[in-house]
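Participant: Single-letter residue listing:
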Amino acid sequence: MYVAVKGGEAAIANAHRLLADRRRGDRSVPALRIDQIVEQLALGVDRVMSEGSLYDRELAALAIMQSRGDLIEAIFLVRAYRTTLPRFGYTRPIDTAAMQVERRVSATYKDLPGGQLLGPTFDYTHRLLDPELAADPEVVEPEQREADGQRMARVAEILAHEGLIEADGELPEDHLTGDITREPLEFPLARDSRLQALSRGDEGFLLALGYSTQRGYGRSHPFVGEVRIGEVELELDVPELPFPVTLGRIRVTECQMVNQFKGSAKAPPQFTRGYGLVFGQSERKAMAMSLCDRALRAGELGEDITAPAQDEEFVISHSDNVQATGFVEHLKLPHYVDFQAELDLVRRMRTEHDKRNQPTDTDQREAAE
Amino acid sequence: MKMDRRQERELEAARKVAMAALATAPGDELKRLCVAAGIPNEAEMLRGPETGLVSVRGRIGGGGAPFNFGEATVTRATVRLPGGEIGHAYALGRDKEKARLSAITDALWQNPERRADIEDKIIAPLRAAQAAADETRRAETAATKVDFFTMVRGED
Chain X
1 MYVAVKGGEA AIANAHRLLA DRRRGDRSVP ALRIDQIVEQ LALGVDRVMS
51 EGSLYDRELA ALAIMQSRGD LIEAIFLVRA YRTTLPRFGY TRPIDTAAMQ
101 VERRVSATYK DLPGGQLLGP TFDYTHRLLD PELAADPEVV EPEQREADGQ
151 RMARVAEILA HEGLIEADGE LPEDHLTGDI TREPLEFPLA RDSRLQALSR
201 GDEGFLLALG YSTQRGYGRS HPFVGEVRIG EVELELDVPE LPFPVTLGRI
251 RVTECQMVNQ FKGSAKAPPQ FTRGYGLVFG QSERKAMAMS LCDRALRAGE
301 LGEDITAPAQ DEEFVISHSD NVQATGFVEH LKLPHYVDFQ AELDLVRRMR
351 TEHDKRNQPT DTDQREAAE
Chain L
370 MKMDRRQERE LEAARKVAMA ALATAPGDEL KRLCVAAGIP NEAEMLRGPE
420 TGLVSVRGRI GGGGAPFNFG EATVTRATVR LPGGEIGHAY ALGRDKEKAR
470 LSAITDALWQ NPERRADIED KIIAPLRAAQ AAADETRRAE TAATKVDFFT
520 MVRGED
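Protein chains in written order, with our numbering: chain X, 1 to 369; chain L, 370 to 525.
Hints are computed from structural coordinates only; laboratory data are not their basis. Hints may be right or wrong, so weigh each one.
Reference excerpt, derived from the structure (chain L facing chain X, CB under 10 Å, subset only) [to be verified]: (1) Ala390; (2) Val404; (3) Ala405; (4) Ile408; (5) Asn410; (6) Thr420; (7) Gly432; (8) Thr442; (9) Leu450; (10) Gly452; (11) Arg463; (12) Glu466; (13) Ala498; (14) Ala501; (15) Glu504; (16) Val515.
Quantities reported herein were computed from a predicted structural model and do not represent experimental measurements. Backbone N, C-alpha and C define an ideal beta-carbon position, used for all residues, glycine too.
Take these sequences, add in the hints, and give me the full structure.
Facilitator: What follows is the structure, encoded as structure tokens:
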């Protein structure tokens, strides 16, 4: 017999009302504004845009406000919102060589053309908490220096002429660019679909996997060839105009990881590469992504697949934090019937187990003797 | 008078630049300039303003095969002026009023008699503001450039 049970409407409504109250907090404290979040929690906004896979600062800030600062909840909200909008098309691929650079460093070449530009970085800070910030002190304007206008070549171009570094990743000419938001995931993935999944993947998960490759689980000898952050222009081809229309600019972080490779049956000794590209200023994520991209190319480069970070199905199937949180968190929802059924089953198994292990009369007699 | 192909291309290039300036403009600034320039506020809406998504593409390794790495909100609008000119607008974000004004401005821009005025009063100030903001940013970044120097060691 199946009995449907209803209930909890009033409890749910009151819980949501309570949530709204707790989200707002003490009313004597001024409410946050969206522009404050966009301006002052900018890297949290960037993370929500990157893993929510939607570039829109105000929406990401609203999501952070609504989720009380729970970034995975905010990412969930953004992902849900994007499903309500029609798709106008695919942009032309961005040109990161034409980026308006705000930060650019290389760990492999000290004197690369364009130089090392630190930009607004946490690197080299002492990581000491600054109690004075709480009093909103005056902040001095940034120093300025005349820019030399030197073209910032990508690091790959520097080693390319010696043939010691592999070229940018090409796919067969007849390959149609994959889109994991339109087609279900089917393993093995082409590198384009894999990069799409990694770019929206959970920063913590990819960071841990990238770290695991450094510690020896699928060692890939990485160097940061280059990290660059800045704005790039987006262009879209539309039928009503005879030229690609400029949509505006977005900020992205790009990481070119360069990996020493001793060669295999499939490829000669050379520097191979992993690539990271994410929305916003998200250096840690771009680096982790490039480590994972390189690790996942093990099969293509003829390396042994021995470590979790090299296992495409494992990495890609578990990198999406919206899917992960959905499946983990659903466990707290009512499972009364499932549990009742399992309880019956365990009771039955226990009875049978006890019966099997109950000392028979003969056993008892033997033990007594 | 028929334009030759070269003139047509130059005109297209100029329109592309003007549309880019409109797309990149902050909404409030564009509204202020439109009011100051006396841009007609009424136009027949042929499409939108409506908000949707574009899938943003990068290239593997920076220059290789394309891949999608996320989406962005885009708002677009198409208008027709009483004179028959049709204007389009596309811009990142969800500012519908900005898209509508941009489309009206694009339509007016196509009228050769209005073009110089639109360029002067709207496009040029937007481009100048953008160029100044870019220059400031470049200079601020340049100040964080590392100047390496060599430490001379030895006995004296």
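Participant: What hints, given by number in increasing order, does this structure fail?
Facilitator: Failing hints, ascending: 2, 3, 4, 5, 9, 10, 12, 13 and 14.
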